[in-house]
Amino acid sequence: MARELWEALDRKYTESDARHELYVNDQYHEYRMVDDRSVVEQAHEIQLLVGELAHFDCILPDKFVVGGIIAKLPPSWRSFSTSLKHKKEVITIDSLIASLDVEEKARAKDVPRSAPSDGGPSNANVVEGKSGGGNKIKNWKPKAKQNTNFKKKKN
Numbered sequence: 039m040a041r042e043l044w045e046a047l048d049r050k051y052t053e054s055d056a057r058h059e060l061y062v063n064d065q066y067h068e069y070r071m072v073d074d075r076s077v078v079e080q081a082h083e084i085q086l087l088v089g090e091l092a093h094f095d096c097i098l099p100d101k102f103v104v105g106g107i108i109a110k111l112p113p114s115w116r117s118f119s120t121s122l123k124h125k126k127e128v129i130t131i132d133s134l135i136a137s138l139d140v141e142e143k144a145r146a147k148d149v150p151r152s153a154p155s156d157g158g159p160s161n162a163n164v165v166e167g168k169s170g171g172g173n174k175i176k177n178w179k180p181k182a183k184q185n186t187n188f189k190k191k192k193n
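Start counting the sequence shown at 39; every next residue gets the next number (my numbering).
Just so you know, not all the hints are guaranteed correct.
Taking CB as the label site, the calculated pair distances span [said to hold, decoys possible]: (1) A92 with K123: 23 to 29 angstroms; (2) F102 with K147: 30 to 36 angstroms; (3) R41 with V78: 49 to 55 angstroms; (4) L60 with D100: 19 to 25 angstroms; (5) A40 with I131: 44 to 50 angstroms; (6) S121 with W44: 53 to 59 angstroms; (7) E79 with E42: 46 to 52 angstroms; (8) F94 with W44: 20 to 26 angstroms; (9) Q85 with W44: 31 to 37 angstroms; (10) D95 with A144: 35 to 41 angstroms; (11) A109 with A40: 47 to 53 angstroms.
Just so you know, these hints were derived from the structure itself, not from any lab.
Glycine included, each C-beta is placed from N, C-alpha and C at the ideal position.
Sequences are here, hints too, so could you generate the full structure?
Written out as structure tokens, the structure reads:
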């Protein structure tokens with residue numbers, strides 16, 4: 039009786055684990071990175087899937103994981119992924135994540151700021167001068183200000 043119960047439980051959970059392994063395996067293969075989310079976060083999600091596969095004795099070599107992450111980069115990262123593929127030194131997962139982080143931060147700096155309508159701060163330059171009628175503004179010239187405390191010597 040105990041043996042039959044053990045075999046029934048073993049079958050149930052072995053089948054469940056096999057289905058879960060196939061599901062995680064499929065998630066890994068079908069994973070595609072998108073532009074509207076952090077590439078570093080998405081790379082970490084791929085690492086989590088690889089970790090789950092390791093629980094099922096499906097251990098992927100680091101070179102394979104690095105190649106998978108590079109292959110799954112979004113289309114806007116095509117030139118960066120090409121440069122990674124042509125590196126002569128071996129890329130580890132940690133160095134790849136660090137490179138992705140640096141590139142992502144550099145790209146964030148290159149993106150122009152959006153218009154102030156999005157609630158962000160607005161900038162304005164103010165030019166101060168004499169106020170008055172239109173003719174006075176046309177002929178207005180800034181006066182030089184004394185910036186030093188030098189005094190002329192009297193002879």
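Each hint, compared with the structure:
1. A92 with K123: 23 to 29 angstroms: holds (25 angstroms)
2. F102 with K147: 30 to 36 angstroms: Cβ of F102 to Cβ of K147: about 32 angstroms, so the range 30 to 36 angstroms holds.
3. R41 with V78: 49 to 55 angstroms: holds (50 angstroms)
4. L60 with D100: 19 to 25 angstroms: holds (23 angstroms)
5. A40 with I131: 44 to 50 angstroms: holds (45 angstroms)
6. S121 with W44: 53 to 59 angstroms: holds (55 angstroms)
7. E79 with E42: 46 to 52 angstroms: At 47 angstroms between Cβs, range holds.
8. F94 with W44: 20 to 26 angstroms: Since the Cβ atoms of F94 and W44 sit about 21 angstroms apart, the hinted range of 20 to 26 angstroms holds.
9. Q85 with W44: 31 to 37 angstroms: Given range 31 to 37 angstroms: holds, Cβ gap about 35 angstroms.
10. D95 with A144: 35 to 41 angstroms: holds (39 angstroms)
11. A109 with A40: 47 to 53 angstroms: holds (49 angstroms)
In summary, this structure violates none of the numbered hints.
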